[in-house]
Amino acid sequence: MLGITISCLVHPSLSAWGARPFPTFRTTSKERLVKFTHCRRVTLSAAVLTSAALLSACGGGSASPAAPAAHSGPVTIDVWGWNAETGKQIADAFNAAQSDVKVNYVLQASNTATQTNFRNAMEAKSDVPCLVQGFAPLTTMVVNGWAQDITDAVTPTEDTYNDGAKAAAKVNDRYYGLPSGSDGQFMIVNKDTYDKYGVKIPTTWQEFVDAGKIFKANGVDVTNLAGEDPSTLMNLAQQGGAEWFAIDGDKWKVNFTDKATIAAADIIQQLIDNDFVSNQTYKDRPALYSYFDSGKMASTTTQWWSLTGYKTNFPVTSGHWEAVEIPQFSSDKKATPGRSTPSFVPVGCDSPEAVVKYADWLATPEGIQAGKNPKTGSVGLPSSLNDPSPYVKDVIPKGFFVDDTKAAEVMVEAQKATVGKFELGPNYDAWFPELQDQWGKAVAGQIKLSEALKNVQNFVTSDLEKKGISFSTGS
Amino acid sequence: MTATMQAATKRRRFPRGSTRRKRSSSGGAGTVLRAQSGWRVKQDLKGASLSLPFLLGFALFTLIPVAMALKESVFATKTSGLGFGKATSTFVGFDNFAEALADTSFWAGMFRVFIYAIIVVPLGQLVSLAMALVLDGVRRRVAARFRIVLLLPYMVPGLVATMVWIFLYSPVVGPLSDFLQVFGLQVNFFAGNTIWSSIGNLAIWGGIGFNMLIMYGSLQSIPHEIFEAARIDGAGELRIAKDIKVPFLRGSLVLTSLLAIIGTLQIFNEPLLFRAVTPETITKDFTPAMMIYNQAFQVGNINYATALSIVLGVVVGIVSTIIYRFTNRIES
Numbered sequence: 151m152l153g154i155t156i157s158c159l160v161h162p163s164l165s166a167w168g169a170r171p172f173p174t175f176r177t178t179s180k181e182r183l184v185k186f187t188h189c190r191r192v193t194l195s196a197a198v199l200t201s202a203a204l205l206s207a208c209g210g211g212s213a214s215p216a217a218p219a220a221h222s223g224p225v226t227i228d229v230w231g232w233n234a235e236t237g238k239q240i241a242d243a244f245n246a247a248q249s250d251v252k253v254n255y256v257l258q259a260s261n262t263a264t265q266t267n268f269r270n271a272m273e274a275k276s277d278v279p280c281l282v283q284g285f286a287p288l289t290t291m292v293v294n295g296w297a298q299d300i301t302d303a304v305t306p307t308e309d310t311y312n313d314g315a316k317a318a319a320k321v322n323d324r325y326y327g328l329p330s331g332s333d334g335q336f337m338i339v340n341k342d343t344y345d346k347y348g349v350k351i352p353t354t355w356q357e358f359v360d361a362g363k364i365f366k367a368n369g370v371d372v373t374n375l376a377g378e379d380p381s382t383l384m385n386l387a388q389q390g391g392a393e394w395f396a397i398d399g400d401k402w403k404v405n406f407t408d409k410a411t412i413a414a415a416d417i418i419q420q421l422i423d424n425d426f427v428s429n430q431t432y433k434d435r436p437a438l439y440s441y442f443d444s445g446k447m448a449s450t451t452t453q454w455w456s457l458t459g460y461k462t463n464f465p466v467t468s469g470h471w472e473a474v475e476i477p478q479f480s481s482d483k484k485a486t487p488g489r490s491t492p493s494f495v496p497v498g499c500d501s502p503e504a505v506v507k508y509a510d511w512l513a514t515p516e517g518i519q520a521g522k523n524p525k526t527g528s529v530g531l532p533s534s535l536n537d538p539s540p541y542v543k544d545v546i547p548k549g550f551f552v553d554d555t556k557a558a559e560v561m562v563e564a565q566k567a568t569v570g571k572f573e574l575g576p577n578y579d580a581w582f583p584e585l586q587d588q589w590g591k592a593v594a595g596q597i598k599l600s601e602a603l604k605n606v607q608n609f610v611t612s613d614l615e616k617k618g619i620s621f622s623t624g625s
Numbered sequence: 026m027t028a029t030m031q032a033a034t035k036r037r038r039f040p041r042g043s044t045r046r047k048r049s050s051s052g053g054a055g056t057v058l059r060a061q062s063g064w065r066v067k068q069d070l071k072g073a074s075l076s077l078p079f080l081l082g083f084a085l086f087t088l089i090p091v092a093m094a095l096k097e098s099v100f101a102t103k104t105s106g107l108g109f110g111k112a113t114s115t116f117v118g119f120d121n122f123a124e125a126l127a128d129t130s131f132w133a134g135m136f137r138v139f140i141y142a143i144i145v146v147p148l149g150q151l152v153s154l155a156m157a158l159v160l161d162g163v164r165r166r167v168a169a170r171f172r173i174v175l176l177l178p179y180m181v182p183g184l185v186a187t188m189v190w191i192f193l194y195s196p197v198v199g200p201l202s203d204f205l206q207v208f209g210l211q212v213n214f215f216a217g218n219t220i221w222s223s224i225g226n227l228a229i230w231g232g233i234g235f236n237m238l239i240m241y242g243s244l245q246s247i248p249h250e251i252f253e254a255a256r257i258d259g260a261g262e263l264r265i266a267k268d269i270k271v272p273f274l275r276g277s278l279v280l281t282s283l284l285a286i287i288g289t290l291q292i293f294n295e296p297l298l299f300r301a302v303t304p305e306t307i308t309k310d311f312t313p314a315m316m317i318y319n320q321a322f323q324v325g326n327i328n329y330a331t332a333l334s335i336v337l338g339v340v341v342g343i344v345s346t347i348i349y350r351f352t353n354r355i356e357s
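These protein sequence lines map, in sequence, to chains S and Z. Under my numbering, think of the first position of the first sequence as 151, with each following residue one higher. Under my numbering, think of the first position of the second sequence as 26, with each following residue one higher.
Just chain S, with the same shape it has in the complex:
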């Protein structure tokens, strides 16, 4: 569970006023919303996972070239991350548990600060850490020449992790990141609202649209689609098996209009066209919470680390929500969307094996418990493991769900079905703002999603061409 999907930070594009001429990973607004509210509590849990993730992610041995690979004492590695709550305590626990590797946890102020400091270190070729918490999609790290190929170090113990975690850590079938669990999505529904209007819990996306019709007739929105946040489209596309980017020999295959993406777009388009959804922005948090808590929104997809924030900010409806599995496109195969930003070992680190040892320890029961938050006493959900069920009850806030046991089961099932990998290509930072633009127009009804996707693909190919990157387009 080396990568992390969550972090308590501000949007890079808002905070990066200084010179930061390198791409930044954008968390979705929904993710940030949750992070923002949780940061103190839940992130703990997230931090645990995160911590593990962070640590694992962040814990990179100092890549100090001076560090000898083999000598009498322990190998010291610098690990960079922004887990202020449990980062150091996890490193201390690891150092106490063995004597081969010594982790020096270097706390960074934030995701943005990590990026800035890391870039400076790489430019200066000095004090390069051995493990850095993932602050951008892995492919971005590889394209920028920052992440080193650690396949040889990771492979011996890769079975520790689930398939999604392993897939997320690979680019072009090589490990450039540490196996990183993706937090699987599930849906929370306002049980009172569903019961009041006699709506059956949808199990497919088409049923979800149909539910929207009933809710609409009663002045209720089936869900919310923020105009600035295209994550719903990305999630549904990933769930349906879309491949927006794939490596085909020595070139990229780009396809924003494949069958799965069109199916996802069709569902969302129905919601938009029939006005079944609201468009509350994540920027106006008080308004958003008020709306979520008003009973006027029946359901939303979410991830485990959002729950504490919801509990805190839904004073009226807490205790009336039910966790259910996310709707599927078909009953054939269950799939859950979820992505992560794996931690990576920078080019220049001489001790990738030491890093992997640390990362693997984080995935052990001892490592997970080391991340227990001293304030909340909980650990995060270790989403990179094959079976995170022993830890799931820890992340469910008391008094939020109608049935905590069922919620725990749903969350475990979501983890099992998490896709994990969704390749975002070599120019994600360039095209994501374009996707935001096009999504905003589509949600506002100015254009159709199918048109928006074509526009994004045109933007992507144009940008790749300018950058000299080889590609072909799918149809």
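Please keep in mind that the hints were generated in silico from the structure rather than gathered at the bench. Being a predicted model, the structure only gives us computed values, none of them experimental. Hints are not guaranteed to be accurate.
Mimicking SDA-like on lysine to any residue, the simulated pairs with C-alpha atoms at most 25 angstroms apart in a straight line are [to be verified]:
| # | chain 1 | residue 1 | chain 2 | residue 2 |
| --- | --- | --- | --- | --- |
| 1 | S | 483 | S | 598 |
| 2 | Z | 111 | S | 398 |
| 3 | S | 598 | Z | 130 |
Coverage of chain S stretches by chain Z, computed from C-beta distances (three or more under 8 angstroms per stretch; other residues unrestricted) [as the list claims (entries may be wrong)]:
| # | region |
| --- | --- |
| 4 | 289 to 299 |
| 5 | 608 to 622 |
Where is the CB? At the ideal position from N, CA and C, for every residue including glycine.
The hints should help you fit chain Z onto chain S, whose structure is shown.
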């Protein structure tokens, strides 16, 4: 001219101890000239040394970055294959500038902010002027209190101010929508057709304090004898404001207008944050500064971003020059 006047004139021209006096009283003209020259050089160096800190800062933070930007703007960075290899920079001459000049997104953004500036800058100046005149018309103690209050918005960082106004504008939890509903007005401050007004209101609110302060300072420097003379001649306060105070403020108005225009053409913070609430209207290239930021830090095309920056700088310079000359012509 009387003898006394001649003596006084002589004293003014050749004060006691001056070089000229020494020269006139000594015979070694060459030595004196050398001494005079050395003294002047020393004086010049002394004077120049006072501006040295500024010159160093200007060179370090303006001239050198501009030179670096010029260099960047004539190169293009490319990679190959999957993009995993090291990127290479090649000299492309003025290609980036040619692309910038033909970039419809960039010029559409420029047109937007130009129209916005035409409306917001004069409006902001008028409000600031009115505030300054009102403050000038009340007692100093009262003015001091209001001056601080009016300056407060200027002290608030732009990003924070924008977040505050996003809350105030919020149709769900903000007070403004409810307040206007009392008068039967249904206003959505985040709608595509009102977003510029919402941003403009925020910009004027934020800029009033600074402009007002400069204008108020100028008003305070006007000799009060003039006002007294006008009042004796029967002029009312409005007439005095219109025909005496405002003409005296012309220099301040030109200065604040220029600063406002320069700032407005580079507008960035406000639309960037408002983008979240109306993404269908405010796109990533909505203003020239937003497009430059996007190219530099999202797309990663520093070369093109610097070319766009230089073009924007040239446009701002041209507009400023035109306005400066226009106002000077009016004055003359």
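Now the hints, each set against the structure:
1. 483/S to 598/S: violated (28 angstroms)
2. 111/Z to 398/S: holds (20 angstroms)
3. 598/S to 130/Z: Judged against 25 angstroms, a Cα distance of about 21 angstroms means the pair holds.
4. 289 to 299: holds (count 3)
5. 608 to 622: holds (count 7)
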